[in-house]
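Chemist: Assemble the whole structure, with the sequences as input and the hints as a guide.
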Amino acid sequence: MIKIEKLHKSYPIGKDSLHVLKGIDLHIKEGEFVSIMGSSGSGKSTLLNIVGLLDVHDEGTYYLNGQLIKDMNEKKAALLRNKFLGFVFQSFNLISYKTALENVALPLYYKGMNRKERLEVALDYLEKVGLKDWANHLPNELSGGQKQRVAIARALVTKPKVVLADEPTGALDSTTTDSVMDLLKDINDEGMTVFVITHEEEVAEQTKRIVRLKDGLIISDELTKASKAV
Amino acid sequence: MFDLDRWREIFQSINKNRLRSVMSGFTVAFAILLFTLLFGIVSGLSNSFKSAFADDAQNAMFVRVWKTSKPYKGLQTGRRVQLKNSDYNYVTEEYASKIEYQSSRIYKNFSIKYKSEASSYTVMAVNPDHQFLEKTIINEGRYLNERDLREASKVIVIGRLIKKDLFGERPALGKRVNMNGSSFLIIGIFSDDGGDNEERKAFIPLSTAQRMYGNNDYISQIALGYNPDLSLDAAVAFGNQLERDLRNKLNIHPDDQSALSVRNMAEANKGVGQFMGILYAIVILIGSGTLIAGIIGISNIMIFVIKERTKEFGIRKALGAKPSSIVAMVVQESILITALAGYFGLSLGTYILSLIGNSLEEKYFIKDPSVSPGIVIGATIVLILSGLIAGYLPAKKAANIKPIVALRAD
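Those sequence lines, one after another, are chains A and B.
Add 3 to the 1-based position in the first sequence for the working numbering, that's all there is to it.
Add 2 to the 1-based position in the second sequence for the working numbering, that's all there is to it.
Hint data in this document are derived by calculation from the structure and do not stem from the laboratory.
Glycine residues also receive a C-beta, built at the ideal position from the N, C-alpha and C atoms.
A portion of the hints provided could be inaccurate.
Here are the simulated SDA-like pairs of lysine to any residue, each with C-alpha atoms no more than 20 Å apart in a straight line [unchecked claim]:
#1 A/Lys79 - B/Lys399
#2 A/Lys101 - B/Arg10
#3 B/Lys404 - A/Ile72
#4 B/Lys399 - A/Glu77
#5 A/Lys25 - A/Ile222
#6 A/Lys101 - B/Lys309
Beyond 12 Å from chain A on every Cβ pair, some chain B residues (computed) [as the list claims (entries may be wrong)]:
#7 Arg82
#8 Asn141
#9 Asn271
#10 Ile379
Modeler: Structure (structure tokens):
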């Protein structure tokens with residue numbers, strides 16, 4: 004599903020450049036539940052952004068669903084994101100003036116689905132995350148956990164191949180963290196590839212494979228107890 | 003191009019962000035309002051000037067004489083100058099190609115009497131062409147004709163208000179009135195846009211007046227209508243030439259303004275034309291300045307709005323929005339706001355102008371102020387274009403920011 008070879012990425016800082024990713028090799032198969040761990044500055048967010056087509060890499064190759072990602076323009080990247088990827092962010096990134104239902108339906112609008120149909124689909128997904136009754140509430144009327152569940156519903160609504168979650172529990176307390184992680188596990192159980200970035204051990208342990216990053220390199224890549232239990 | 007879903011997105015965005023929509027709309031509405039009022043007021047002034055000259059034909063010229071104020075060729079100051087038929091004939095023959103209408107005028111004040119009703123009126127003895135020079139409008143019957151002049155008939159054309167004074171609602175055409183001891187047949191009743199005074203006048207044939215009152219060939223004025231094919235400059239030159247020529251013929255000092263003058267509408271028209279031209283130029287300058295200020299206002303607000311929405315655009319792009327769809331959304335929103343606000347300003351402006359109506363005519367010479375459809379359409383096009391530019395440039399920039407950068411924005 005995701006195949007990365009010798010991936011490099013630098014950011015220019017004044018005259019110098021900061022070498023963030025120094026040759027990453029990573030292969031994630033369909034249906035995997037992977038977490039990337041690392042301290043801040045280890046390059047994990049950069050990796051997710053490149054995988055999510057929100058940023059471009061400098062060197063190396065990246066195949067998403069068998070397609071070589073190279074020379075992407077914004078239009079092509081937008082189409083691929085809409086088709087293959089779902090995003091869950093630490094700060095939720097819901098549009099504040101849209102209701103929960105409208106937020107969930109937005110990716111379907113960019114897919115070109117008609118309004119009636121996309122509102123029906125969005126409502127199904129809100130029901131799935133247990134927020135059907137909150138469909139017509141604005142984000143600021145929801146708790147953090149509810150917001151993140153709305154964001155997850157939004158990430159799922161287009162039936163993407165991969166769900167990318169950047170510190171999905173970073174802004175949540177432990178109870179809501181568990182409910183969000185349960186939700187991600189359910190999604191994975193249904194066969195969807197889930198790719199989580201976190202710095203919390205408890206969160207990483209609930210995934211099936213942990214990849215640890217340090218200074219732009221993978222230092223370990225191992226399966227967890229959770230994967231062996233299945 | 004019409005995409006109901008996109009419009010729904012736009013309406014939602016406008017509706018949920020009312021303050022900023024109203025703010026950007028306000029500058030435009032205000033600019034257009036001022037623009038409309040300015041243009042309306044100048045058009046009102048222009049209307050006033052036009053109606054001030056509505057009394058007489060636009061191409062009229064009047065040769066008038068008084069007493070000399072300068073000695074010339076041995077003739078003393080204070081000599082009374084008298085125009086005669088021969089002068090009239092000389093002018094009309096000498097300048098035939100430059101003249102459209104021609105008439106002599108004799109002014110008299112007579113009492114006109116019908117049965118027990120009588121009153122004193124200005125009576126002018128004229129030639130048939132005078133109808134066009136004075137812009138006399140015949141309501142009933144006819145004006146004087148060549149035959150009346152040839153036969154020195156005792157016929158009279160009376161103003162609408164004379165008829166009202168003497169006859170009230172009763173018919174006057176074909177009745178006879180007594181004027182200065184003679185009986186005259188009413189052959190026509192007229193009205194005139196020049197006001198009430200003009201409609202309390204009566205016209206009789208020139209020959210009749212000369213024969214009955216004095217038995218001479220004196221005339222008070224020569225009224226001409228210059229050939230409308232002449233340019234304003236040529237018409238002014240014609241008037242000056244005529245003035246020099248007649249002073250020479252009547253032995254008047256060339257600079258003696260108070261002995262003989264030619265009042266030439268061409269000069270007035272030229273002056274008014276220049277004046278209105280300058281006024282319009284000033285208004286266009288100020289008006290476009292206001293419009294430009296308005297446009298800059300929207301641009302500023304749009305830049306601010308787009309900066310504020312950068313994160314939203316980042317989210318939309320992460321969810322699969324193409325840059326073009328974001329640009330289109332912002333531009334359409336911007337055009338919608340400017341067009342609606344502009345239309346509001348325009349409507350308010352025309353409504354205020356219609357309220358003003360003719361109420362400022364007396365004091366401020368503003369008559370029936372209004373804006374022409376051409377100006378309205380032009381202003382609307384400018385607005386839509388400015389909305390397009392104001393929205394497009396910053397939106398294009400925002401849409402091309404990498405989503406990762408946009409998402410980081412606050």
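Chemist: Just pull the numbers of the violated hints for me, sorted ascending.
Modeler: Violated hints: none at all, because every hint is consistent with the structure.
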